[in-house]
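Working from the sequences, and respecting the hints, build out all of it.
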Amino acid sequence: MALRSDSNLPVFQQVADLIRHAISSGVFAPGDAIPSVRAQSLKLKVNPNTIQRAYEELEREGIIESRRGVGMFVAAAGEAPARASATESIRDAFEQGVRISIAAGLTRAATDAAYSRAWQSQRSGAKS
Amino acid sequence: MTSTDFAISTDLLTRRFGKRIAVDGISLAVPRGAIYGFIGLNGAGKSTTIRMLLGLLAPTSGTVHLNGINIAFDPVRAKSRVGYVPDRPTAYPWMRVQEVIQFCEGALPDWSPTLASSLLKKYRIDPRTKVSRLSKGTGAKLSLLLALAHDPQILILDEPTDGLDPIARDEFFEEVLRASLDSPRTVLISSHSLQDIQRATDHLGFLHDGRLIFQGRTDELLGTTKRVRLLPDSPIEDAALRRLSPDVSHIAREGRAITVTLRNFSPAAAESLRSAAHSPNLDVADLSLDDAFKDIVKGMEAACS
Amino acid sequence: MFLTLLRKDWRLAKPAFVFMLALFLAPTILSFVMWAYARGISQAGYPLAGFFQNFQTTVLAGFAGSLLAVPAVAACQLGREKRERSADFVGAMPIPRYRIVASKLTVTSTIISIPALLVTFGAIVPWIALANMPSLEWPTLFWYLKLSLYTLLGVAGMGWLFSCLLASEIYATALSILVATTIGIGLSLAFNTLPSLRAIPPGLQESYFLFIISRLALWIGVISFAVGTLIALFRRTL
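The listed protein sequences derive, respectively, from chains S, V and W.
Once you know that position 126 of the first sequence is 126 in the working numbering, the rest is easy, because the numbers rise by one and skip nothing.
Once you know that position 108 of the second sequence is 108 in the working numbering, the rest is easy, because the numbers rise by one and skip nothing.
Once you know that position 142 of the third sequence is 142 in the working numbering, the rest is easy, because the numbers rise by one and skip nothing.
Some clues are possibly wrong.
[Stated by the list, open to error] SDA-like cross-link-like pairs, simulated, lysine to any residue; straight-line CA separation at most 25 angstroms:
| # | chain 1 | residue 1 | chain 2 | residue 2 |
| --- | --- | --- | --- | --- |
| 1 | V | Lys130 | V | Trp111 |
| 2 | S | Lys45 | V | Asp202 |
| 3 | S | Lys45 | V | Asp87 |
| 4 | S | Lys43 | V | Leu115 |
| 5 | S | Lys45 | V | Asp219 |
[Stated by the list, open to error] Quick list of simulated restraints, FRET-style, between CB atoms:
| # | chain 1 | residue 1 | chain 2 | residue 2 | range |
| --- | --- | --- | --- | --- | --- |
| 6 | V | Ala58 | W | Ser168 | 29 to 39 angstroms |
| 7 | S | Ala77 | V | Gln195 | 49 to 59 angstroms |
| 8 | W | Phe142 | V | Arg133 | 19 to 29 angstroms |
| 9 | V | Lys136 | S | Arg38 | 47 to 57 angstroms |
| 10 | V | Ile167 | S | Ala93 | 25 to 35 angstroms |
| 11 | V | Ser135 | W | Ile124 | 47 to 57 angstroms |
| 12 | V | Gly18 | W | Ala174 | 22 to 32 angstroms |
| 13 | V | Lys121 | W | Leu6 | 50 to 60 angstroms |
[Said to hold, decoys possible] Covered, in the sense of this in silico footprint (three residues per stretch, anywhere, with C-beta under 8 angstroms from a C-beta of chain S), are these stretches of chain V:
| # | segment |
| --- | --- |
| 14 | 168 to 178 |
| 15 | 191 to 203 |
Calculated directly from the structure, the hints in this document are not laboratory data.
Quick caveat, the model's predicted, so the values are computed rather than measured.
Glycine residues also receive a C-beta, built at the ideal position from the N, C-alpha and C atoms.
Below, the structure written as structure tokens:
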């Protein structure tokens, strides 16, 4: 997943999603340090204030915690809320798919089949 | 607020070239520490404005303050902590990089030779190369080095990555961002495209036909500009929609559907559009910064014609 | 700070200076080579005086040739900075404008004083060395010298002023040469066609002609340098 400049999601939301997904997929385990605002800003070429805002939101959700003078860490119980909010953001994507499906006049069964095929092709692609 | 609260501020800055008005009464307000994206299509007047900010061009009317100092009254003090990165290198093309650096060292009281040589190493510029022989990417980096080595509080960049390949562009932005992270600096960067710089900015100013058509926080623009989609029962003219609110910007039609880009969005404003258009329903969508910019520009043009 | 500016401005004018010097020295060097060659093949032996007899003429000819490059020397200071866009480079720096202009004026006046000194030296030395057979009489020589120096000032001034107004030193130099030759040709045409001027006896005609030229050159030079400097000082752009 990468930041998209044509997205209509605010950039700080996209950055927060990026971290949530990284945590729920195990890139960062509970207790791991996550990149500093400065490092993240340089890596993503995003304004440091925007990164700060994303981190504040993640901290509010209990996904990450700051340790004074050391930096930001994945909270011990951070994985569950990360997964929950990752699920939430994924639901947004699905809702969009369902909207397209309804607009195109497809049935529930056809939509489900399309979803299953997408899942299979992505999973097999990921494994090979 | 007064001009001293802003790193860069202009008051009704205007420049005419003969009969043509290149810059038309713009009042920039760039807060300290901001990364300000100065966005406009080619020919909108960005370079003319920037040249006036630096005292390279006298305004027809209006004033420029840098760090609260009027550039017309005390140009030397106003420019003392300002770095300028032009769209292509302006350093003496017949000098070698080393000679340009020596020249700056002799000419600028705040120049730091240690900072200059460390940046030279970091940017991998060969000091023996002639300025005219530098590649575009390296030339842009040299301009950045020359602008940064006297540790400016204000950094002004005029389309610095125009004509650079994507990798050089990325590297360049990273260095600009690093420069703004390293010490408290205000950065004003102009571009004809939002794609490049929107994520790095926290403030934006849109320039169109010499006029500042939006200025504010980046997230504020996203939150307040929305697209409203209507399906009117009876046809309605663009002009009728525009009369409803000055916030009506771009109007797009497709079949029976009308999509209105609304600035300073509020549910009440959207509702008044809906009832005026006799539309049974109303669809509100967010839009990306790039689309917001394009819609506002197109809306300005449609409203003026 | 000022030394840095001087060094830069000197390098800015160097190509034009080298060109000017080459034009200045070419006739004298050529004449020396010819004299040396003639001496080599001649049995009778040519004294050095033979070379010096033509010395004044070649120096004056070289000087006249170098006048072509003099406007370029002056125009480089402002025009080349504009053409190469380095005017923006120094312009954006916190350097007082008067220092930028003062450095340019210092370099220009120093460089154009070199052909002035050389022509004076070249004209006077043989006159002293060959006291018994100078090719020109003292008052005439003095008169020619004055004319030379005023013309030098005139064309340099035009180069300076035009480079303030135009975007490139090349245009400024071309315009200076054009204006100078137009004045020269126009005036000589006037002497040849206007009945009132033709009525003047031929000997006096020449003195009148040279007098007008020298006065014109002097005033053009002084006024151009003054106006150009004022523009450079008070206009924001170079």
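Please flag the earlier hints that this structure goes against, numbers listed from lowest up.
6, 7, 8, 9, 13
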